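Asks: Sequence:
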Amino acid sequence: MNKDVGRNAERELVSIFRKNGYNAVRIPTSNSSPNPLPDVFATKGNVLIAVEVKSTWNNKVKVSSLQVEKLLNFLAMFPMRGFSIIAVKFKGEREWRYVTVDKAEEVVVTVLNSRSLEEILDVSKFSNKSEGSLVSEI
23 MNKDVGRNAE RELVSIFRKN GYNAVRIPTS NSSPNPLPDV FATKGNVLIA VEVKSTWNNK
83 VKVSSLQVEK LLNFLAMFPM RGFSIIAVKF KGEREWRYVT VDKAEEVVVT VLNSRSLEEI
143 LDVSKFSNKS EGSLVSEI
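Using my numbering, you'd call the opening residue of the sequence shown number 23 and step up by one each time.
Note that these hints are calculated values from the structure, not bench results. These numbers come from a predicted model, not from an experiment. Just so you know, not all the hints are guaranteed correct.
[Unchecked claim] Below, computed lysine-lysine pairings styled on DSS-like, alpha-carbon distance capped at 25 Å:
1. K84 - K125
2. K82 - K113
3. K113 - K84
4. K125 - K66
5. K41 - K113
6. K66 - K41
7. K82 - K125
With the hints as constraints, model all of the structure from the sequences given.
Replies: Set out below in structure tokens:
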């Protein structure tokens with residue numbers, strides 16, 4: 023992903039989270055850093071979401087196991103309930119999609135194996151659910 027395209031996608035995603043009541047921030051040096059940093063992270067209530075952001079005209083995108091591992095390690099630093107996701111803007115579909123990840127392995131995201139980003143924006147669905155059941159449900 024071209025750096026400008028990536029930055030724009032990250033900024034757009036931060037804006038989407040903020041419009042939905044999240045505190046969200048883009049971490050501009052995350053990919054090049056050896057530290058476990060996501061591209062974007064967002065909080066709402068007691069929920070923390072760490073996000074690897076991708077944007078593509080293709081029908082799929084690969085995310086390396088190292089990028090996933092950084093998300094998981096970032097979440098491990100916090101005591102609050104956390105979820106790691108890969109958010110992809112499929113530009114041909116004009117839609118944001120996501121998948122949750124819980125293992126440090128390469129992930130291929132397609133429109134068919136992902137869910138609409140709108141599903142994760144409603145933090146109320148997180149209440150009264152254990153972390154494991156939510157991850158499998160999201």
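Asks: Assess, step by step, whether the Cα of K82 is no farther than 25 Å from the Cα of K125, and give holds or violated.
Replies: 19 Å, holds
Asks: Quick one, are K113 and K84 close enough, alpha carbons at most 25 Å?
Replies: With Cα atoms ~16 Å apart, K113 and K84 stay inside 25 Å; holds.
Asks: Need the status of pair K84, K125: alpha-carbon distance at most 25 Å?
Replies: 15 Å, holds
Asks: For the pair we were handed, K66 and K41, check the Cα-Cα distance against 25 Å.
Replies: 12 Å, holds
Asks: Given the hinted pair K41 and K113, is their Cα-Cα distance within 25 Å?
Replies: 20 Å, holds
Asks: Would you check the hint for K125 and K66, treating anything up to 25 Å between C-alpha atoms as holding?
Replies: 24 Å, holds
Asks: Sort out whether K113 lies within 25 Å of K82, counting only the CA atoms.
Replies: 11 Å, holds
When each numbered hint is compared with the structure, no violation occurs for any of them.
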